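Participant: All chains should be modelled from the sequences, with the hints used to inform the complete structure.
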Amino acid sequence: MAPRNTRWTRAVDHLKREWQIYLMLLPTIVWFIVFLYKPMYGLQIAFKDYSIFRGVANSPWVGLEHFETLFSNDQFFRAVYNTIQISALNLLFGFPAPIILALMFNEILHATYKKTAQTIVYLPHFISSVIIAGIVITAFSPTAGIVNTLLGWLGIDPIYFLTKPEWFRPIFVGTGIWQEAGFGSIVFLAAIAGVNPSLYESAVVDGANRWQMMWRITIPCILPTILIMLIIRIGNIMEVSFELVILLYQPATYSTADVVNTWVYRQGLQSGQYDLAAAAGLFNAVVAFVLVMAANSLSRRFSRTSLW
Amino acid sequence: MAGVSLSKIVKRFGAIEVVHGIDLDVAEQEFVVLVGPSGCGKSTTLRMVAGLEEISDGELTIDGRYMNRVAPKDRDVAMVFQNYALYPHLNVAENMAFGLRIRRVPNAEIKQIIADTAEILGLTNYLDRRPADLSGGQRQRVAMGRAIVRHPKVFLFDEPLSNLDAKLRTQMRAEIKRLHKRLGATSIYVTHDQVEAMTLADRIVVMNDGSIEQIGTPMELFNNPVNTFVAGFLGSPPMNQITGKVTETGAQVGDTVIQLDRDLGGLAGRDVVVGIRPEHVSLQPGEGTTPLPISLDLVEPLGSEALLHARFGDDNLVFKTDTNGQIEHLSGIDTVHVPASLVTLFDAESGRTLRAGG
Ligand SMILES: Nc1ncnc2c1ncn2[C@@H]1O[C@H](COP(=O)(O)OP(=O)(O)OP(=O)(O)O)[C@@H](O)[C@H]1O
Ligand SMILES: [Mg+2]
Chain A
11 MAPRNTRWTR AVDHLKREWQ IYLMLLPTIV WFIVFLYKPM YGLQIAFKDY SIFRGVANSP
71 WVGLEHFETL FSNDQFFRAV YNTIQISALN LLFGFPAPII LALMFNEILH ATYKKTAQTI
131 VYLPHFISSV IIAGIVITAF SPTAGIVNTL LGWLGIDPIY FLTKPEWFRP IFVGTGIWQE
191 AGFGSIVFLA AIAGVNPSLY ESAVVDGANR WQMMWRITIP CILPTILIML IIRIGNIMEV
251 SFELVILLYQ PATYSTADVV NTWVYRQGLQ SGQYDLAAAA GLFNAVVAFV LVMAANSLSR
311 RFSRTSLW
Chain B
939 MAGVSLSKIV KRFGAIEVVH GIDLDVAEQE FVVLVGPSGC GKSTTLRMVA GLEEISDGEL
999 TIDGRYMNRV APKDRDVAMV FQNYALYPHL NVAENMAFGL RIRRVPNAEI KQIIADTAEI
1059 LGLTNYLDRR PADLSGGQRQ RVAMGRAIVR HPKVFLFDEP LSNLDAKLRT QMRAEIKRLH
1119 KRLGATSIYV THDQVEAMTL ADRIVVMNDG SIEQIGTPME LFNNPVNTFV AGFLGSPPMN
1179 QITGKVTETG AQVGDTVIQL DRDLGGLAGR DVVVGIRPEH VSLQPGEGTT PLPISLDLVE
1239 PLGSEALLHA RFGDDNLVFK TDTNGQIEHL SGIDTVHVPA SLVTLFDAES GRTLRAGG
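Going down the list, the sequences are from chains A and B. Start counting at 1 in the first sequence, then tack on 10, and there's your number in the numbering used here. Start counting at 1 in the second sequence, then tack on 938, and there's your number in the numbering used here.
Treat each hint with caution, since some may be false.
Stated by the list, open to error - Facing chain A, from chain B, some residues (calculated, C-beta under 8 Å):
1) A988
2) Y1004
3) V1008
4) K1011
5) F1019
6) A1023
7) P1026
8) F1036
9) I1040
10) V1043
11) P1044
12) L1102
13) G1173
14) P1176
Since the hints were derived computationally from the structure, they do not count as laboratory data. This one's a predicted model, so the numbers in the text were calculated from it and none came from an experiment. Note that CB positions come from ideal geometry on N, CA and C, so glycine has one too.
Facilitator: This is the structure we're talking about:
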C-alpha cells in the first residue's frame, strides 16, 4: 500500500525529531497569544456601541459610526497631525543621532576614555520617564531652571517654555535624543565591530585617511543595519512615546503636543468612550502596518535589505 | 631601484618578541617568498614592511629610503590580503578603483586603467558585479587587480591563495608567476605552502620561530639545506631523517653503513642525522649505492609515481619512485639503494648540516 498523507507523516516525523526546538518556541507563542492576539478580540468594539455592562459580545454593531465621528473631529485630526509632526522631527534628528554617536565612539582610540564616555551616554536610558520629565521640567522652569538662568546671563527674560506650544516639540524631541541616543548607538557600534578589519588595513595601504574610511567603508558597511533600524522606526511612526507626552504636556500646549495616543487615552480612560478610543487605536495600527510594509518593500527593492 | 631592505628588524608585542632581528635584502624586480610554519612571524614581518605594524627595532628601507616612520600610503606598496579585503558594497570596478579614487586620479584615467587591468586578469565581464556574486578565484583576481592598478614599487602578498581549493590554487599560482614576469615588480609573498614557495620564488626565505633559517634560490635550499628544519620543510614528501653515527667508511644507521662520497676524516664517531630525500633512492643497485633494508608498510600510487611508506628500525620513512604504469612489482620491495652523493648529514645535536671535512 502506498504511504498516505506523506506530507502529514513527514511533519509528524519532523516534530518527533525536533520537538525540543518547538518546546523552546512555545513560550513565545503563548506570549503572542495572551498579550497580542487575545486583546485583538476586544478590537471589535471599534465597530460597536460598547458599554461595559453589556460586555464586548453583547454590545450592538454600529458599523463605521465611530470612524465617522473620528474623522469629523477636529481634535482627532490635530492629534494625527501632531503625531506625524513629532515623528518626522524624531526621524530627522532622533534617528541619525545614535548613528553619529556610534561613529564618534568608533573614532575614540583611548580604551578607558571610550568606555567611560559610552557608560555616561547610556545612563539616561535606564532612568524612568517620570524622572526624566522631572529633570526636564526643572531644567526649563522659569524661576530656578538652568536654561532660564543661562538666558538671564545673556540678558534674556525668562521664558515659560513648557507652557508655550511652539517650544513643546523641540523640547520633546531633544529629551528623546538625550534619553535614547546613547543606548540606541549600541546596535550601530555592534554593526561597526562586525566590519572586517582588513578592509581598513587595505584602505590604509591605499592611502585613505580616517575621514575617508568612515565615509567609504564604515557607513556603507553598516548601511544594512541602518536601513533595518529605519524600517522599524517608520513602523513606529504613529507611536510617539506617550508617557513622556503626558508627563510634559498641559492644556496650554495641547495644540502642538496632543498626539493620537494621548487623545485616545483621554477619550477612553478619562471620558469613558472606549469604543471611540478603540476606533482611533485601530486607525493608528492600520496606518503603522501600511507604513512598515511599504518601508520594508522599498528597502528590499533598493538595497536588498529587509526585515522579512 | 625599488629594492626592499630589512636590517635587524625586531617586532615586540608588549614584552613578547615575535620577530628576532631579521636581515633580508630583496632586489629590484625580485620575487621573494617568506615561508615557514604557522606563527613563525611571516605576516608580522610583511605587515611591518607595509607599515601596518610598527617596527620595534631595526631599519627598513624601500628604494634606499628609510621607511620606519613613513605612513603606509607613502611607502608606495600594495598589499593583497588572505581574505581579499574586498569592499562588499562596491562592484568589481569600484573595488579596483578604490585606491585611485583616494589618490584623486582623474576619472578618465581610472576608467582606462581599470579596463586594462580587467583585461589582464580576465575580469572584463565581471566589472559590474559585487564581490558576493563572484567565485573565490574571481575575488582573488579582484584583490590582485586592486594592487596592480596602483603601479606600486612593491607588491606584498599575505597567503593570497590559501582560501582557494587545490586546483584553483595551482592555476592562480601560475597566473601570479605570469603577472610577475609581465609587471616585473618587486614582490614579497608570504605562504606556508612549500610548493607555492618553490614554484613562485626567485629566492625563498625560510623562517622559523621569528628568525630566518636560510635564504636562497629554491634549488639551493632544496639541494643544500643548512639544517634539518629547512631540509624537513622543503620538498614533498619531506626529507627522511634517520639518526646514526659517522664511521671510518660512511654513516651507520642501524646495522647498515651507508657509503658516502666525501672525506669524513675528522667526523668519525660523531652522532648525526642522515638525510635522504624520498626521490633520491632507487630500487635497483647502481654504482656507489648502498642497499638499505626496509620493511614496507604501504604503497600509495599517485599515477606516474608511487609513495612507499616503510619502516627502518623505529623510523618511518617515505620513498618516491616511478611506476611506469605498474605498481604490482612494488609490493615485494624490501631494499632501497641509497646513492652516496645524495645523502646529507646533519649534526645530531645542533641540526646543522655537516660539510665534508668540517
Ligand atoms: N597583535 C598581536 N599581539 C600579540 N601577539 C601577536 C599579534 N599578532 C601576532 N602575534 C604573535 O606573533 C607571532 C607571529 O604571528 P604571525 O601572524 O606573524 O604568524 P604567521 O607566520 O603569519 O602565521 P600564519 O602562517 O598562521 O599566518 C604569533 O606567535 C602570534 O601569536
Ligand atoms: Mg599569517
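Participant: Are the hints correct? Go through all of them and say.
Facilitator: Going down the list of hints, with the structure as the test:
no.: 1; hint: A988; verdict: holds (6 Å)
no.: 2; hint: Y1004; verdict: violated (19 Å)
no.: 3; hint: V1008; verdict: violated (12 Å)
no.: 4; hint: K1011; verdict: holds (3 Å)
no.: 5; hint: F1019; verdict: holds (5 Å)
no.: 6; hint: A1023; verdict: holds (4 Å)
no.: 7; hint: P1026; verdict: holds (7 Å)
no.: 8; hint: F1036; verdict: holds (6 Å)
no.: 9; hint: I1040; verdict: holds (5 Å)
no.: 10; hint: V1043; verdict: violated (11 Å)
no.: 11; hint: P1044; verdict: violated (16 Å)
no.: 12; hint: L1102; verdict: violated (17 Å)
no.: 13; hint: G1173; verdict: violated (32 Å)
no.: 14; hint: P1176; verdict: violated (32 Å)
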